[in-house]
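*Asks:* Sequence:
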Amino acid sequence: MWVTAKIKKNCSEIFKRDLNRIDKHVTFYEPRFSLKSKIKGKWVSYSKPLLDGYIFCKLEKLKNKIDLGKYLYTRGLKYFLDGNKIDQTEIDNFILKCKKFEDENGFIKNIFFKSIIKNKGKFLSGPFKNLVFRIIEKRNKKIKISFGNYTITVDENSNNFYQPA
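Sequence positions in the sequence shown follow our numbering and run -8 to 156.
Watch out, some of these pointers could steer you wrong.
[What the hints assert, rightly or not] Heads up, simulated BS3-like pairs for lysine-lysine below, C-alpha to C-alpha not over 25 Å straight-line: (1) LYS39 - LYS90; (2) LYS88 - LYS49; (3) LYS0 - LYS133.
None of these hints come from the bench; they were simulated from the model.
Work the whole structure out from these sequences, hints included.
*Replies:* Okay, here's the thing in structure tokens:
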């Protein structure tokens, strides 16, 4: 069964290691995406988790919520989300969608974000970092957006990653 764990900041590896000690048959899925930023005049690549602070854990031996008790004191864990049993289909679908949009290095491609955006977004990198914009039109491989009094077109292959806002 898949469970969703809320992890303490910067404790992902500690959590994975300790949970592996408790259950050798655990599978983890933590979708990540890659970013490029200009720091002190140099372009630097780094990755960020898609669901900051959350990780999916597949625990084969887990049958119900009561069995989850033996995992509650794992180092790095804040808590497990409720509803894991009834949400298995949604969790599986989300993980499959993420994996469908992964590149050869296992990072989520930019197109993933564009596939779920409705009408607003926020840039995660580039000159417009943290800027919230409105999507006017999606056509071919270009997206026409507006913010303030400005309207621009962003290429789908641009390094300016964004997320739904």
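*Asks:* For a C-alpha distance cap of 25 Å, please report whether LYS0 and LYS133 respect it.
*Replies:* violated, 36 Å
*Asks:* Between LYS88 and LYS49, is the straight-line Cα distance small enough, at 25 Å or below?
*Replies:* Status holds; Cα separation ~17 Å.
*Asks:* Sort out whether LYS90 lies within 25 Å of LYS39, counting only the CA atoms.
*Replies:* holds, 16 Å
The structure fails hint 3 only (numbered hints given earlier).
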